[in-house]
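Residue numbers (the numbering used here), protein chains in the order written: chain F, 1 to 108; chain B, 1001 to 1115.
Incorrect hints may have been included.
Lysine-lysine pairs mimicking DSBU-like chemistry, simulated, CA-CA at most 35 Å apart [said to hold, decoys possible]: (1) B:K1040 with B:K1018; (2) F:K56 with F:K100; (3) B:K1040 with F:K59; (4) B:K1041 with B:K1018; (5) F:K36 with F:K57; (6) F:K57 with B:K1041; (7) B:K1041 with F:K70; (8) B:K1018 with F:K51; (9) B:K1022 with B:K1041; (10) B:K1041 with F:K36; (11) B:K1019 with F:K36; (12) F:K70 with B:K1040; (13) F:K57 with F:K100; (14) B:K1040 with B:K1022; (15) F:K59 with F:K70; (16) B:K1018 with F:K36; (17) B:K1022 with F:K36; (18) B:K1041 with F:K59; (19) B:K1040 with F:K57; (20) F:K51 with F:K36; (21) F:K36 with F:K59; (22) B:K1019 with B:K1040; (23) B:K1041 with F:K100; (24) F:K51 with F:K100; (25) F:K59 with B:K1019; (26) F:K36 with F:K100; (27) F:K51 with F:K70; (28) F:K70 with F:K57; (29) F:K56 with B:K1019; (30) F:K51 with B:K1041; (31) B:K1019 with F:K100; (32) B:K1022 with F:K100; (33) F:K51 with B:K1040; (34) B:K1041 with B:K1019; (35) F:K59 with B:K1018; (36) F:K59 with F:K100; (37) B:K1040 with F:K56.
None of these hints come from the bench; they were simulated from the model.
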Amino acid sequence: GQQVMQIPQYQHVQEGEDFTTYCNSSTTLSNIQWYKQRPGGHPVFLIQLVKSGEVKKQKRLTFQFGEAKKNSSLHITATQTTDVGTYFCGGGADGLTFGKGTHLIIQP
Amino acid sequence: ETGVTQTPRHLVMGMTNKKSLKCEQHLGHNAMYWYKQSAKKPLELMFVYSLEERVENNSVPSRFSPECPNSSHLFLHLHTLQPEDSALYLCASSRTGGSYNSPLHFGNGTRLTVT
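When you get a sec, could you build the whole thing from the sequences and use the hints?
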């Protein structure tokens, strides 16, 4: 079945540094979605990408969808303590298949 | 606050107990999902209901039994669970139709501990 891999699993950064997480699917995706889960919270939808090579920005967050629609990335510029959490990517039909997520830990 | 309400928030049960998890969505969505979240594992899709019909069952053990009486309510009936079933159980809802998956709206989850 479809598999979604994310790297890294954990990322420690100093506040103000940039952060990137990468997502790779074993199959071509019609679309990919990104979610953020704060510690003790539930996943919250961030964005959806549907076009090959698409790039979308939300303030300090930049999302990319690969040309082959099998990979994606999330880049955060100048991290802040409010960015702490786990970032998940997911794709597929009839319910998303998620990666394990990247845990972002920020040191002040 | 999330539009998707799950009860109870925490549940401790023995392996011989029978319990049910409840989920209610107030977003007018017509698809609902159960996910299992364990430590160091991806979010695992368990069940999908679209327009009250079950469309996906990812080889979940029969000790988990879903029920979707209408598009706003979803239950997960539990019986004779194992300690490895301890996890956070998340309910989600979305719209159906269209060319792409609609975003999922998650509830706060039920933290289940099986003793």
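Quiz item: For the pair supplied as a hint, K57 of chain F and K100 of chain F, is the alpha-carbon distance within the 35 Å limit?
Solution: 23 Å, holds
Self-check item: Distance restraint between K1019 of chain B and K1040 of chain B, which requires alpha-carbon spacing of 35 Å or less
Solution: Since the Cα atoms of K1019 of chain B and K1040 of chain B sit roughly 26 Å apart, the hinted pair holds (cutoff 35 Å).
Self-check item: Satisfaction of hint between K57 of chain F and K1040 of chain B, Cα-Cα up to 35 Å
Solution: Holds, because 29 Å separates the two Cα atoms, which is no more than 35 Å.
Self-check item: K57 of chain F paired with K1041 of chain B [C-alpha distance capped at 35 Å]
Solution: 28 Å, holds
Self-check item: Proposed proximity, K100 of chain F with K1022 of chain B (alpha carbon, max 35 Å)
Solution: Given pair K1022 of chain B, K100 of chain F holds - Cα atoms ~25 Å apart, limit 35 Å.
Self-check item: K51 of chain F paired with K100 of chain F [C-alpha distance capped at 35 Å]
Solution: 24 Å, holds
Quiz item: Taking 35 Å as the top limit, are the C-alpha atoms of K59 of chain F and K100 of chain F close enough?
Solution: Answer holds: K59 of chain F to K100 of chain F is near 25 Å, not above 35 Å.
Quiz item: Keeping to a limit of 35 Å between CA atoms, is the pair of K1019 of chain B and K100 of chain F held or broken?
Solution: 28 Å, holds
Exercise. Given the hint that K36 of chain F pairs with K100 of chain F, test it: the Cα-Cα distance must not exceed 35 Å.
Key: 12 Å, holds
Quiz prompt | Given pair status - K1041 of chain B, K51 of chain F, alpha carbons within 35 Å | solution = 28 Å, holds
Self-check item: Straight-line alpha-carbon gap K1041 of chain B to K59 of chain F, limit 35 Å
Solution: 30 Å, holds
Self-check item: K36 of chain F paired with K59 of chain F [C-alpha distance capped at 35 Å]
Solution: 15 Å, holds
Going through the hint list in order, the structure does not satisfy hints 8, 25, 29, 35.
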